[in-house]
Amino acid sequence: MNLDWLDAFLVSGLFYVMMVIGLALLLHLQLGLARIANFGVVGFWGIGMYAFGVLFVKVDWPFGEVWAFLISVVFGTVVAGLAGLLVGWLIADLDIDGVLVGTLGFATAVWILATTEQDLTGGALGMGGLGFPYDIGSVKANETLWLVILTILVAIILYYVSRVHKSPYGRLLISIGDNEPLARSLGKAPFQTKLWLFAVSSAGMGLLGAMYGVNERFLETGNLGIDITLAAMVGLVLGSTTRMWGAAVGVALTVGLFDVVIQFYLPLPREWYTQAIPVLREMVFGGVLIIVLLFRPYGVLGDMRRDKLMRRMHGG
Amino acid sequence: MFEAKGIRSGYSGVTVIRDVDLSVEREVFAVLGANGAGKTTLLATLARLIPLMGGEIWFNGRDVTKLRPWETAALGLAYVPQEKGIFADLTVLENLQVGAMIGTRSREERVDEIIELFPDLGELRTQMAGTLSGGESRMLACGRALMQDPKILLLDEPTAGLSPIYVDVFFEKIREIHKTRDVTIVLAEQNAAKALEIADRVMVLNLGEASEVLDAAELTTEKLKEGYRI
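Taken in order, these protein sequences are the chains called A and B.
Heads up: the first sequence begins at 0 in numbering that gives the first Met the number 0, then just goes up one per residue.
Heads up: the second sequence begins at 0 in numbering that gives the first Met the number 0, then just goes up one per residue.
Some hints here could point you the wrong way.
[Stated by the list, open to error] Heads up, simulated SDA-like pairs for lysine to any residue below, C-alpha to C-alpha not over 25 Å straight-line:
#	chain 1	residue 1	chain 2	residue 2
1	A	Lys307	B	Ile114
2	A	Lys307	B	Gly121
3	A	Lys187	B	Glu122
4	A	Lys187	B	Arg17
5	A	Lys307	B	Asp119
6	A	Lys165	B	Ile114
7	B	Lys83	A	Phe190
8	B	Lys83	A	Asp94
9	A	Lys165	B	Glu122
10	B	Lys65	A	Asn178
11	A	Lys165	B	Arg106
12	A	Lys307	B	Lys65
13	A	Lys187	B	Leu161
14	A	Lys187	B	Glu55
15	A	Lys307	B	Pro118
16	A	Lys187	B	Glu112
17	A	Lys307	B	Gly134
18	B	Lys4	B	Thr64
19	A	Lys307	B	Glu135
20	A	Lys187	B	Asn59
21	B	Lys83	A	Leu93
22	A	Lys165	B	Gly102
23	B	Lys83	A	Tyr297
24	A	Lys307	B	Asp111
25	B	Lys65	A	Lys165
26	B	Lys150	A	Lys307
27	A	Lys307	B	Arg109
28	A	Lys307	B	Thr130
29	A	Lys187	B	Lys83
Keep in mind the hints are simulated off the structure, nothing from the lab.
Modelling step: build the complete structure from the supplied sequences, incorporating the hints.
Structure, rendered in structure tokens:
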């Protein structure tokens, strides 16, 4: 396949945008529906990435690379899900301060583990040896196919989120987020509901982490900073925490605008890319967020419109 | 039968309800009392939303003292709080649907029954619950609780703050719910006159302590004044 027309930077930038959209969609389930402010997104993403990487690189698999890859991906996803279960169990009954501290603490713990467990993770030096489970020719072709696979995965997440919105489970999540004391009298346990939500969405975040690790071919602890969490959180808040498409719109307007359009297509001096842009990016993210929240407090798309959804589903 | 034996409860170590006994079966049971008498605390305790400090609660011969609120709800106990009895972020229809998380009958069948009982809710079905008026919210809260097909319905001052027309309509609805759906109702109410119109038996609560339980017809003005500390 001739991909000369395709810019390698564009593929890499779109991969990052698509991954953050996936994370923001999963965060939307937690924050937008159940009102759980998870500030440790990078922790679940990172633990999935490292669990996958360690198993794939460090274990001498007796069977083919594709199987080793698949097993490692499943392992990374399950480990992230189990971490979600543990963290969810700790924070499910806490107020917003407790959730903030608990999730941030978890993300920090993952970073410390990845840095100190050098035998497993390579520590600050990083860990190589990762690669695509296929080879269809050039690096660019492999990366483009990986972007397509990620896009399909994010589309599946989007479909899942839309199903949740229309399901009794979604209504229960909104009920819990809206009025938990009343939701306790509905006959379903809010604690278990939140725990399940946290486990499933964290597993999804871990899967996206594993996907990212493959794309980068190298795991480094520098990825485990607050950037990923901020990108997903700012994008979601900017688009609308409570609306499904808020994640996609918000991330496209922030990460998409900066990490694709400005970084790759604006004719800026070369030194800007290494020095000014990263700082400018955070400043503009913050500035845009303040402006949007001042004039559109519920984000660009506005607040949840369950009434419209109901009219579509039931008429009237 | 729903029975509370010597229950005590409160908040942060402060006892509000003191040794209250109560036993209800297939009736409208009114809990009367002035502001601060402990009516809301009593009903929230019976709904298991406030932990017990002492005593026992039995439901149809089963000790439910240690059960959690969703477990007693699953057994057939529904609760309508005085405030915040609806989910503002959901539509009217969705509020009714979340009420049907338990039970085996079809959700649609139950929604139709509730809309027959409260026709106004039918017209508002796609409206966000947070935009409803006070009276409409109370109807929805009551409808949401009835969607659980409860055997016992705990109603905490359902007409507080409503206009007189709504109050009359609401008390009629409570009577109708009890008669047509065979639901035992425990009604906490300040409006003694209206409550006594529909109640079979009555208990006056005063600073967390209960008076003797009487037939509604036996409650004299003197006993009521004593309970209300007038």
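* To do: If any of the earlier hints don't hold here, list their numbers in rising order.
  => 3, 4, 12, 13, 25, 26
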